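Asker: Single-letter residue listing:
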Amino acid sequence: NAGVTQTPKFQVLKTGQSMTLQCAQDMNHNSMYWYRQDPGMGLRLIYYSASEGTTDKGEVPNGYNVSRLNKREFSLRLESAAPSQTSVYFCASTWNYLTDTQYFGPGTRLTVL
Amino acid sequence: KQEVTQIPAALSVPEGENLVLNCSFTDSAIYNLQWFRQDPGKGLTSLLLIQSSQREQTSGRLNASLDKSSGRSTLYIAASQPGDSATYLCAVKPNYGQNFVFGPGTRLSVLP
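These protein sequence lines are chains A and B, in that order. So the first sequence is residues 1 to 113, counted in the numbering used here. So the second sequence is residues 1 to 112, counted in the numbering used here.
So here's chain B without its partners, still in its complex pose (with noise of 0.2 Å):
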């Protein structure tokens, strides 16, 4: 069964700073993995999602990397600003079923 896990749960960081976010899934055979964003009493935005056969996606200040083999991928922000500040999911779309399965996220404080 496929699980997603995401650390750490939660992170404070001065504005300006560059910040990674880790994701880490235990079944390599997936079709995509995506992140999202959550705002407090909100659903969820797709921020990027990138295929089982690319590397890396990027949008913005956003950079998402994917390691398939390792079962990993990482969220970087560059230049982090206060209204950065939420929870960020990852989801992945396992290679059966319709299920995406998503990590309990990791809740983000950028202080001003």
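So here's chain A without its partners, still in its complex pose (with noise of 0.2 Å):
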């Protein structure tokens, strides 16, 4: 199993110009979530979904848009991006939110300029 991926692992944006980060999970997992995090802050929450066909909001979720395409991938957008947006982006899985742990992929380093 590969557990929980992420493309890509880097990028570099100027403002405004929009980008897709995906995620993927091949343990077969309800719910999946995206983070960020920042130096000093810890990991926010940015948006869930909770099971194939449902998102919601998290603690940050300004800027940014979500699709659960399947029960295994769940992508994140930034359709404009701004320089406040610069940071390390995590997505995780998990099958029972109240019972399990979280498994977390690579991450993304994303760079706004």
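Keep in mind that the hints were calculated from the coordinates and are not lab data. The structure displayed is predicted, hence computed values, not measured ones. One or more hints might be untrue.
[As the list claims (entries may be wrong)] With a Cα cut of at most 25 Å, we get these calculated SDA-like pairs of lysine to any residue:
hint : chain 1 : residue 1 : chain 2 : residue 2
1    : A       : K9        : B       : Q38
2    : B       : K68       : B       : K42
3    : B       : K1        : B       : G97
4    : B       : K42       : B       : L111
5    : B       : K68       : A       : K9
6    : A       : K9        : B       : G43
7    : A       : K71       : A       : D56
8    : A       : K57       : B       : L111
[Claimed, not checked] Reference excerpt, derived from the structure (chain A facing chain B, CB under 8 Å, subset only):
hint : residue
9    : L43
10   : G58
11   : P61
12   : G63
13   : L98
14   : T99
15   : T101
16   : Q102
17   : F104
18   : G105
Glycine included, each C-beta is placed from N, C-alpha and C at the ideal position.
Combine the two chains into a complex, taking the hints into account.
Answerer: Rendered as structure tokens:
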């Protein structure tokens, strides 16, 4: 099993450009998450998908959109990138969010100039 | 609103020492608490998960305890090794919503 995979690993954007971060899991997990990690701020939840076909906002959703394409895939889109979105982005998944651990992908390091 | 803090922010110890990392949370209404390890430039790896009804969990040289009433958890690492050097994060799952709330982490350096 590959676990949770993310693409790309690194990306540099100019202000105003758009891009989509891809995430896939092969563990048949129901719930998937997008976090951002910033120095001194810890991990903050952007959006999550409790199950296929549903998505909900987390703590910091402004400037982002998500799509739960199927049970395996959960993408994060930046429509008009801003320097404040420079961060490391992690995707995670879990079978049961009440009782089970989250499994994390390796992250995407995004710089917006 | 649930808040999670971790003290100390950084810790250096010589190889072989036993050590304790601390995690505090403000709201005791949680489903579970998890400890993660993060190596530089990598994702998070789950170490231990403690359900709210449990007091502790053990895995090898790691032991995590949970005291919900005082809003505290500790991660005990026995006989530390240089390979234990990493950032350790705790996260709580509140009794509401899907959000997990993470602490800022403790950066551990184990010196040979």
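Asker: It remains to establish, for every hint, whether it holds in the given structure.
Answerer: Here is how each hint holds up against the structure:
1. K9/A x Q38/B: holds, 16 Å
2. K68/B x K42/B: violated, 30 Å
3. K1/B x G97/B: With a Cα-Cα distance of about 12 Å, the restraint between K1/B and G97/B holds, given a limit of 25 Å.
4. K42/B x L111/B: holds, 21 Å
5. K68/B x K9/A: violated, 38 Å
6. K9/A x G43/B: Within the cut-off at roughly 11 Å; holds.
7. K71/A x D56/A: holds, 15 Å
8. K57/A x L111/B: violated, 42 Å
9. L43: Holds - the Cβ of L43/A comes within 8 Å of chain B, reaching about 4 Å at its closest.
10. G58: For G58/A, the interface hint holds, since the closest Cβ of chain B sits about 6 Å away, which is under 8 Å.
11. P61: violated, 12 Å
12. G63: The hint is violated - G63/A has no Cβ within 8 Å of chain B, the shortest such distance being about 18 Å.
13. L98: Status holds, d = 5 Å.
14. T99: holds, 7 Å
15. T101: Constraint on T101/A satisfied, holds at 4 Å.
16. Q102: Holds - the Cβ of Q102/A comes within 8 Å of chain B, reaching about 7 Å at its closest.
17. F104: holds, 4 Å
18. G105: holds, 5 Å
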